[in-house]
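Peer 1: Okay, here's what each chain looks like letter by letter:
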Amino acid sequence: MTKILLILVSTILVNNFVLAKFLGICPFLGVSRKTETAVGMGLAVTFVVTLSTALTWLMQMLILKPFHIEYMQTIVFILVIAGLVQFVEMVLQKTSPALYQALGIYLPLITTNCMVLGVAVLAVQLEYSFIESLIYSFGASVGFALALVLFAGIRERLSLADVPEALQGTAIGLVTTGLLALAFMGFNGLVK
Amino acid sequence: MPTQDLAAVESIPQTLDMLLTVSASPHIRSEVTVSKIMYTVLLALLPTSLAGVYLFGLSALWVILLGIFGAVATEALIQPLLGKKASVVLDGSAAVTGLLLALTLPPSLPWWMVLCGAALAIILGKAVYGGLGNNPFNPALIARVILLVSWPVHMTRWQSASYLFARSVDATTAATPLGMLKTDGLASLSHLRLLDLFFGYRGGCIGEVSILALLVGAAFLLWKGYITWHIPTSCLAAALLTSGCFWVSNPQQYANPLFHLLTGGLVLGAFFMATDMVTSPITGQGMLIYGAGIGILTIIIRIFGGYPEGTSFAILIMNALCPMIDRYTLPKGFGRSRRRKKNHA
Chain R
1 MTKILLILVS
11 TILVNNFVLA
21 KFLGICPFLG
31 VSRKTETAVG
41 MGLAVTFVVT
51 LSTALTWLMQ
61 MLILKPFHIE
71 YMQTIVFILV
81 IAGLVQFVEM
91 VLQKTSPALY
101 QALGIYLPLI
111 TTNCMVLGVA
121 VLAVQLEYSF
131 IESLIYSFGA
141 SVGFALALVL
151 FAGIRERLSL
161 ADVPEALQGT
171 AIGLVTTGLL
181 ALAFMGFNGL
191 VK
Chain S
1 MPTQDLAAVE
11 SIPQTLDMLL
21 TVSASPHIRS
31 EVTVSKIMYT
41 VLLALLPTSL
51 AGVYLFGLSA
61 LWVILLGIFG
71 AVATEALIQP
81 LLGKKASVVL
91 DGSAAVTGLL
101 LALTLPPSLP
111 WWMVLCGAAL
121 AIILGKAVYG
131 GLGNNPFNPA
141 LIARVILLVS
151 WPVHMTRWQS
161 ASYLFARSVD
171 ATTAATPLGM
181 LKTDGLASLS
191 HLRLLDLFFG
201 YRGGCIGEVS
211 ILALLVGAAF
221 LLWKGYITWH
231 IPTSCLAAAL
241 LTSGCFWVSN
251 PQQYANPLFH
261 LLTGGLVLGA
271 FFMATDMVTS
281 PITGQGMLIY
291 GAGIGILTII
301 IRIFGGYPEG
311 TSFAILIMNA
321 LCPMIDRYTL
331 PKGFGRSRRR
341 KKNHA
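For the protein sequence lines, the chains are R and S, in the order given.
Using this note's numbering, the first residue of the first sequence is number 1, and each one after it goes up by one.
Using this note's numbering, the first residue of the second sequence is number 1, and each one after it goes up by one.
Only chain R is shown next, with the shape it has when bound in the complex (with noise of 0.2 Å):
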């Protein structure tokens, strides 16, 4: 429980992977303009994030490690994560368009975030249980999820600031997201 309770703290606030291991920066610039987005993408990315990594660790755990084929683990993954999404999208199209509705583009767009890969790739490295990756790539996404809708939200208010206009735009979203990393460094030893 203790372990679980770690895994949830350290992925969410001290490991951020967006503020702390920078992974995923590009949805975090792209779809943080409104937080309504924001809080779409961030529940796609929940989702697809805790399903991959599950799929990912039984397909290294019961493929890759007895055939002694870990060096295609990097293809394997993407592969998996890819047809995933798709599938996934797929599946949510038939059963609940209102959800589909919902996430929409963003869907599709995770298929490039590399904090999918990412997460899944760590879960393994980390020598994770199948119960702990799961919690991992949980408190990883909901990490995500936090630091998008919380950099939705200053963009927001960014929006009607009088930004000069050399840094409009991307630019000053990373001089924000490096302060806000900044701050987050503050959760640093929270878990050794």
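Bear in mind the hints are in silico, worked out from the structure with no lab data behind them.
Glycine included, C-beta positions come from ideal geometry on N, C-alpha and C.
Careful, some of the hints might be misleading.
Simulated crosslink set (EDC-like; lysine to aspartate or glutamate; CA at most 20 Å straight-line) [as the list claims (entries may be wrong)]:
1) S:85 - R:165
2) R:21 - R:127
3) R:34 - R:162
4) R:65 - R:156
5) S:36 - S:91
6) S:224 - S:31
7) R:34 - S:31
8) R:3 - R:127
9) R:3 - R:132
10) R:65 - R:127
11) R:34 - R:132
12) S:84 - R:165
13) S:224 - S:91
14) S:84 - R:162
15) S:85 - R:162
What follows is a set of in silico ranges between Cβ atoms, one per label pair, in the way DEER data are often shown [as the list claims (entries may be wrong)]:
16) S:85 - R:167: 12 to 22 Å
17) R:169 - S:186: 20 to 30 Å
18) R:167 - S:277: 19 to 29 Å
Far from chain R, by Cβ distances over 10 Å, these chain S residues were calculated [to be verified]:
19) 29
20) 35
21) 89
22) 92
23) 112
24) 134
25) 180
26) 185
27) 256
28) 313
29) 319
30) 324
Fit chain S to the given chain R structure using the hints.
Peer 2: Same frame as chain R, now just chain S:
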């Protein structure tokens, strides 16, 4: 005919006391301006600065003067680049940022680090966002945290209180009470008296040590109405409650809530940093949530985190949450229920 009319209008003020002026609103203007607020804040920080100089000697005075000078000079250099009027430089906001930064620094910090910090506060904290009023984070704290993560050794080398008129010239180094708590545990703090902490006889940042001086300045600002009670009260109460819970659970391991209140930068942060008008929520309810967040996060970072003190980080994190808080504490329009609002949207 028109010239006659004009003459008639001009003659009215002499004959009539009641002159109806036609002009665009606003008709009643507030006396309060940005520079008036800023200079009042500077005045409110005067007791703290004096206490810092008294407690740590001339080196503290240097840090304070360099901080203010660095911030104002950077502002003067950067304003032309932003295409703003030069009058902004002397509105006092840069001086307040510089002073607030200096007050959060150790008194023995090298001069160039102080200047670096002051420049960073103005450039990264404020100018890149378009100047005063646009910045999402507190500029002084941004600079302090950058200095802290860049030069951790210098930023955590504390000087024990060596009074301005003391005989010995050599300043001795001493850990802050929170630093001792982190490294040596609660037992190492038995010699500290709460009253000493209240007056500021301990190692620490220039402006955080003397709680008495801070309270005098804060009372002045509250009286002037430039800060409200919401943020400081909820911040300090939340910190007391959180540390109280830990203390009650195990008084042998966790420090007493009053100790947490009187050490570190909590009081300085609660009254002078968290209440920054630009980076704090607008509504009273929002301010209460924001302050409570700062108090809780500060204690959590102090007890569980790697850094002995967490006030600056806690305030920056809550600064980031501020747009969210404002969004959800928006008062509903008169005559509208929340449910109806949702349906209309």
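Peer 1: Evaluate each hint against the coordinates.
Peer 2: Do the hints match the structure? See the list:
no. : hint                      : verdict
1   : S:85 - R:165              : holds (17 Å)
2   : R:21 - R:127              : holds (19 Å)
3   : R:34 - R:162              : holds (18 Å)
4   : R:65 - R:156              : violated (47 Å)
5   : S:36 - S:91               : holds (8 Å)
6   : S:224 - S:31              : holds (12 Å)
7   : R:34 - S:31               : violated (37 Å)
8   : R:3 - R:127               : holds (14 Å)
9   : R:3 - R:132               : holds (8 Å)
10  : R:65 - R:127              : holds (13 Å)
11  : R:34 - R:132              : violated (33 Å)
12  : S:84 - R:165              : holds (13 Å)
13  : S:224 - S:91              : holds (19 Å)
14  : S:84 - R:162              : holds (11 Å)
15  : S:85 - R:162              : holds (14 Å)
16  : S:85 - R:167: 12 to 22 Å  : holds (20 Å)
17  : R:169 - S:186: 20 to 30 Å : violated (50 Å)
18  : R:167 - S:277: 19 to 29 Å : holds (23 Å)
19  : 29                        : holds (23 Å)
20  : 35                        : holds (19 Å)
21  : 89                        : holds (17 Å)
22  : 92                        : holds (19 Å)
23  : 112                       : holds (21 Å)
24  : 134                       : violated (4 Å)
25  : 180                       : holds (17 Å)
26  : 185                       : holds (16 Å)
27  : 256                       : holds (22 Å)
28  : 313                       : violated (2 Å)
29  : 319                       : violated (7 Å)
30  : 324                       : violated (5 Å)
In the structure shown, a violation is registered for the earlier hints numbered 4, 7, 11, 17, 24, 28, 29 and 30, in ascending order.
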